[in-house]
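Participant: These are the residues of each chain, in order.
There are 2 protein chains.
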Amino acid sequence: MARIVMKFGGTSVADIERIRKVAERVKAQADQGDEVAVAVSAMAGETDRLVAKVDQVGQLYDLREYDVVVSSGEQVSVGLLAIALQDLGVAARSWLGWQIPVRTDSAHGSARIEQIEIDEIVRRFAEGQVAVVAGFQGLDPQDRITTLGRGGSDTSAVALAAALGADRCDIYTDVDGVYTSDPRIVTRARKLERVTYEEMLEMASQGAKVLQTRSVEMAMKHRVRVQVRSSFQDGPGTLVVDEDEIVEQAVVSGIAYSRDEAKITLLKVPDRPGVAAKIFGPLADAAINVDMIVQNVSPEGDQTDLTFTVGKADLDRAVQVIKEKCTDLGYADILADANVVKVSVIGVGMRSHAGVAQQMFNALADKGINIQVISTSEIKVSVLIAEDYTELALRSLHTAYGLDAD
Amino acid sequence: MARIVMKFGGTSVADIERIRKVAERVKAQADQGDEVAVAVSAMAGETDRLVAKVDQVGQLYDLREYDVVVSSGEQVSVGLLAIALQDLGVAARSWLGWQIPVRTDSAHGSARIEQIEIDEIVRRFAEGQVAVVAGFQGLDPQDRITTLGRGGSDTSAVALAAALGADRCDIYTDVDGVYTSDPRIVTRARKLERVTYEEMLEMASQGAKVLQTRSVEMAMKHRVRVQVRSSFQDGPGTLVVDEDEIVEQAVVSGIAYSRDEAKITLLKVPDRPGVAAKIFGPLADAAINVDMIVQNVSPEGDQTDLTFTVGKADLDRAVQVIKEKCTDLGYADILADANVVKVSVIGVGMRSHAGVAQQMFNALADKGINIQVISTSEIKVSVLIAEDYTELALRSLHTAYGLDAD
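These protein sequence lines map, in sequence, to chains A and B.
Residue numbers for the first sequence follow our numbering, beginning at 1 and rising by one.
Residue numbers for the second sequence follow our numbering, beginning at 1001 and rising by one.
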């Protein structure tokens, strides 16, 4: 007997037929004698529909009331799934965030889970009852409903698994696992049997939209074994686990990419202390995240070119901020380029292997792909290249690191 | 300064534009310095949509889960109304049934309110905050969400007014008050300035769909002054009050009718003790309500004709029950007639005035309308007539009792 948390997202419960299919999956798990808690999102499209209503009704809205409205989506799906389970003869009840309760802070709209009181759910496990838990929602210290922000249901599931000391947290999604690269581009991409938390975290933040970054952080912190698997097919998915659990670690586990980046270059910036603060301070004040930064070696010693990336959605705003706030800086020109992509090579194995970055640069050079910006971390090398080369770069790197399926 | 409960039904909050209009009305009330609580239904159509989902997902569903799903409709509307109020600069917060809490019994789907804890709402009145309360929902002793059954928001509003000791409970609806008869039929019907609880109760149960019967019972029990008024127009509506508050009481206040009745006649039933029990017992077992009953005087002393009415929706089932369960009774034939209408003359004044029924019979006889069944109560005389005569009967009686507008 195991204790399992299953999580189903909005597309998995998009209509009545799919809710029934989810109920069958949950029944199959419970029929194995496992203790089962199911975390559920709102039916696909519902949250958007509710947010649109809120946007229409008021300008400066109270996020506490926003949370009241949007949390109703999960309330519907847990009730329906509990009924579908009962219809299959499975003892089940729904649990809303406030009923458990899932205690959060008061950051309405993007609350953080602080504690989950699991005693009653565990007591009912012993009676053979399946717990159907509303994802995405909690209760703050003032007993107001909170929501965790978009994709919060993944976090709900992992936090529930942590609180329950679950053997595994299965995240059912529309892909059947984590791949070495995006299979829509790299046809020879392979499904990974296992991946480490650290790698998953890099992949999530590099655009692989399989798991929410926050949920991976939480899984890593509490050592929750997470499995990414398909809602629509049987068979095992990818296990996200501690490094210790991975026997034969490849140097590189995956090639990720993100089209959400845009590049800004300031030409002929004075090369003296305090300049970076003058540029990045105003951007931070405007809540614009800067990712990669590179400063060219000064050719003449007193001026340099500064390049950095921001989110594509922030590009226009970032240029405007710099033009307005950095007037006394004295740069020659500002160039903005949205036609870039960030490609990352990820693997915990590179900690102990030299030459991974060099291999990447060689592979890209072989195809005539120019590298615009480079950044590295302990388990990742990222480069910014022209967007037109995305597919070519991914396929070349996938082959170069020996990741291609047979 | 007064303490006022305002109630808005589903059509009043059917879309964002109407929710804004409701917010303006609430603001106008609050701007008078009144303490205001607003009870709100789900947006029109939402509850039906949610019930349809429940019906689709399971056959034998758990009413506790039904309540979880359908109560989400009011959750959306209170959140939106609170935001709309804040957008107008009114301090407001939403209250769900479990937050107040509105304590009910555990009769899920048709729970009864037992107690409403109003301390926190009253404390916030003192801070100038408007309470936006979800109608239709409560919390049972097991801390599960309950709903009060269709039209339960009227009951929520009246119960809240009773708990708050409110000066008035204003029910905003799509009519502007209670009329002496249905104005769509009787063009000379007049809006009543005041009507007693007892009369309103009879009118509600006789088909005047202005207020839910249960809410009137609750208002009567707790002496809550209820005003029925228009969501869409200004001006006073009709006050539903204690008899003491009505200075000049007319003998007859209104002429109501119900098309929901159907007539069953059993011919040549043996006229002996125990026969009625044999017929009405099985009907009661089948949860079929019998309203009017009349037994003809036996012409030959040992056989009689028995006529009674049931809800039109129950007619076929009632006939079937009698045919199956009353085989040993020995009746000659069973006749069913759905083309009937019940017309009622209502007024607390008739307690002290003789001849009201006689006046009714005369007025109908003058127009050649045949009375099929008669039943009376202390403040009501009802007759069953052929449905084709509905309009003629209503207009004739309205004139006969001097109710016509000038």
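Since the hints were made in silico from the structure, they are not lab data.
One thing to keep in mind: the hints can contain errors.
[Claimed, not checked] Between beta-carbon pairs, the in silico distance windows are:
no.: 1; chain 1: A; residue 1: A91; chain 2: B; residue 2: K1209; range: 51 to 57 Å
no.: 2; chain 1: A; residue 1: T327; chain 2: B; residue 2: E1127; range: 42 to 48 Å
no.: 3; chain 1: A; residue 1: D174; chain 2: B; residue 2: G1165; range: 52 to 58 Å
no.: 4; chain 1: A; residue 1: A52; chain 2: B; residue 2: E1245; range: 43 to 49 Å
Cβ coordinates follow ideal geometry from the N, Cα and C atoms, glycine included.
Participant: To test your reading of the hints: which numbers does this structure violate?
Facilitator: 1
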